[in-house]
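There are 2 protein chains.
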Amino acid sequence: MEKHIISQENEQGLITDILEKVGLGRSQGQIVADVLTKADLRGIGSHGIARLSWYVKKIKLGAVNLNPSLELKRLGPTMALIDGDNGLGHLAALKATEEAIALAKEYGLACVGLRNMNHFGIASYYPMKMADQGLIGLAITNTLPLMAPFGGAERKLGSNPIAVAIPGGKKTDIVIDMSTSNVAYGKLEVALRNGQSIPDTWAITAEGQRTTDPKEGLAGSLLPLGGPKGYGLALLVDIMAGLLTGASYLDRMPGLGQDEKGQELGSLYLALDPSRFMAREDFNRLIEDYIADIKASKKAQGVDQIFLPGERSSAKEEKSKKEGIVISPGLYKEVKELADQVGLDLEKYFSTNFK
Amino acid sequence: MEKHIISQENEQGLITDILEKVGLGRSQGQIVADVLTKADLRGIGSHGIARLSWYVKKIKLGAVNLNPSLELKRLGPTMALIDGDNGLGHLAALKATEEAIALAKEYGLACVGLRNMNHFGIASYYPMKMADQGLIGLAITNTLPLMAPFGGAERKLGSNPIAVAIPGGKKTDIVIDMSTSNVAYGKLEVALRNGQSIPDTWAITAEGQRTTDPKEGLAGSLLPLGGPKGYGLALLVDIMAGLLTGASYLDRMPGLGQDEKGQELGSLYLALDPSRFMAREDFNRLIEDYIADIKASKKAQGVDQIFLPGERSSAKEEKSKKEGIVISPGLYKEVKELADQVGLDLEKYFSTNFK
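From first to last, the protein sequence lines stand for chains W and X. So for the first sequence, the working numbering puts the first residue at 1; every next one is plus one. So for the second sequence, the working numbering puts the first residue at 1; every next one is plus one.
Incorrect hints may have been included.
Given that identical chains are not distinguished, each listed pair holds provided it fits within a single copy or across any two copies.
As the list claims (entries may be wrong) - DMTMM-like cross-link-like pairs, simulated, lysine to aspartate or glutamate; straight-line CA separation at most 25 Å:
1) Lys299 x Asp200
2) Lys215 x Glu9
3) Lys295 x Glu154
4) Lys171 x Glu154
5) Lys73 x Glu106
6) Lys187 x Asp200
7) Lys73 x Glu334
8) Lys299 x Glu288
9) Lys170 x Asp251
10) Lys295 x Asp251
11) Lys298 x Asp251
12) Lys295 x Glu2
13) Lys295 x Glu207
14) Lys3 x Asp251
15) Lys298 x Glu154
By construction, these hints were calculated from the structure, which means they are not laboratory data.
Just chain W, with the same shape it has in the complex (with noise of 0.2 Å):
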């Protein structure tokens, strides 16, 4: 089977015009645009250009703002609040993370909040801008409700994300991008294609019971992380992301589906800098020690190498960036439809030079 290959440059170039094709002004669509292409870089391909196709129909079903305001409103010396209009979450995002960096920069702590967005990709593209920065960063945000509470039989909460990032000196950032479920909902969808069953801790029935059969589960509800661990923070995301921003939480969230409604999904940013504590120098002294100690200590038996979270990621972004993004066939013929749809040549975003 012919393996299909996009650079870097090339997945942006195609994210940003087929956006283009359906009213989003370039440099809204550049932004998008970084945030889907990182995740595929990271290997991440649940949160890359596999997202385009849905952001596509919200936009033509008008349930998404072209053109948001965003506007601001500082809520003391330290804190700001946004309002995200409606907007593609990607770019609302970054002006809260922009806002987490300034203040942070200057006060040494930000806590910035954001309503009435959309989806806004991977959490993590927003801790890492704030960690190239020389900051810790952290972005939450509400999701669409897949997850029971412990001891529930609906979907009253989202797989919540929590994102952190460590700027790690010499070596490679410390990444967390956690759901709050046990699994991701994709899981269940792969389990059920190939025919497999699923651990029991996945996902219970829409009665509440626990199961090993996929399709109960896609019809039930996902299982928080560890049960009243992994609730506890979804709860904890749901109420400082959406609640307290004034987004929407729990299952009130409109337009999760392919309707014309936004999803007043919320979010929440804190930056600080390290340096307020010791300085710059030594932080990274100690900091590279940490990861390098964390690295030599002993593995377990048919362990090569112990990571640091969001290191192999990183390693992957450092390859894809040399060799290209692979993209499955199935995603391939995905987007091959939506660049038809939109009256652009697939075949030319995708080199013959990685082939």
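Take the given structure of chain W and dock chain X to it, following the hints.
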């Protein structure tokens, strides 16, 4: 068998009296007593008066500074760092909490670090104090290493808890207090005592292999919550509470056992005033409604009630305040030995009213 029941006030008095007998001033002892008693009231017996004998041992060994001078350094308008001067953690943690409360009330947001402390009791004690003041509060601390990194085979990380409290308006505050390991070390000890096997997700052997034998697990390492996710969270806590504040971290901590060294633990506190985001009455209304929504959601078969995090502990606290705290025969014996050592008559603290 005779039941041993002690009132809140008498447990506080007993702890203060015992600590005074080994040289701790009463005002500091009262803080320690309040933290430990709070744990017992809330049904977290592992962190209650059960910890006292270890504190007393460390004090007698001269491992703990009984008259710490707590130096506070302002790091920015909404940030501070406290040096715990190797005192018991409770006093310094309360000071950090009070500083976080004051800064958050003035500026909306606060971050306070604390280094060079010893064990501070239940982590949620401090965010609960913040929630009492209408703030959303967080406390994290690193703890003695018991857990292997994901893929590792030696103890490098503590169970590093994350505690959060969110004021619930007229409803019970939401209180999260979770370790970042799958289970507490104590659960393996209980299994060993009862001759039971353990699930293979709890611990690994000293060679890094999963085990169902509690003895092998106790000689090995705990496993992080959900694998890589708990590993990421434990690292995050260790870096923010330990490395960043200038405390110890990983397995470099001294004073882990019953030796003459302090623990050099670190902790970090965040406080946020929700009334910066919206009017207090609006936040209260939303959070009360949120809690009601979760509680009214569909229950799994066999589940009587869905609880918010901390709800059951708060109900236990109310009950124990009225009916007293039940002390197990084993723990009573331990406390009796402690009281005998310092020349206190334990019986007089246990009221006959409760029997």
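So, going through the hints one by one against the coordinates:
no. : hint            : result
1   : Lys299 x Asp200 : between (29 Å within a copy, 18 Å between copies)
2   : Lys215 x Glu9   : neither (39 Å within a copy, 55 Å between copies)
3   : Lys295 x Glu154 : between (41 Å within a copy, 12 Å between copies)
4   : Lys171 x Glu154 : between (43 Å within a copy, 23 Å between copies)
5   : Lys73 x Glu106  : both (17 Å within a copy, 18 Å between copies)
6   : Lys187 x Asp200 : both (13 Å within a copy, 23 Å between copies)
7   : Lys73 x Glu334  : neither (40 Å within a copy, 57 Å between copies)
8   : Lys299 x Glu288 : within (19 Å within a copy, 47 Å between copies)
9   : Lys170 x Asp251 : between (43 Å within a copy, 23 Å between copies)
10  : Lys295 x Asp251 : between (41 Å within a copy, 13 Å between copies)
11  : Lys298 x Asp251 : between (44 Å within a copy, 12 Å between copies)
12  : Lys295 x Glu2   : neither (38 Å within a copy, 53 Å between copies)
13  : Lys295 x Glu207 : between (44 Å within a copy, 17 Å between copies)
14  : Lys3 x Asp251   : neither (40 Å within a copy, 47 Å between copies)
15  : Lys298 x Glu154 : between (42 Å within a copy, 6 Å between copies)
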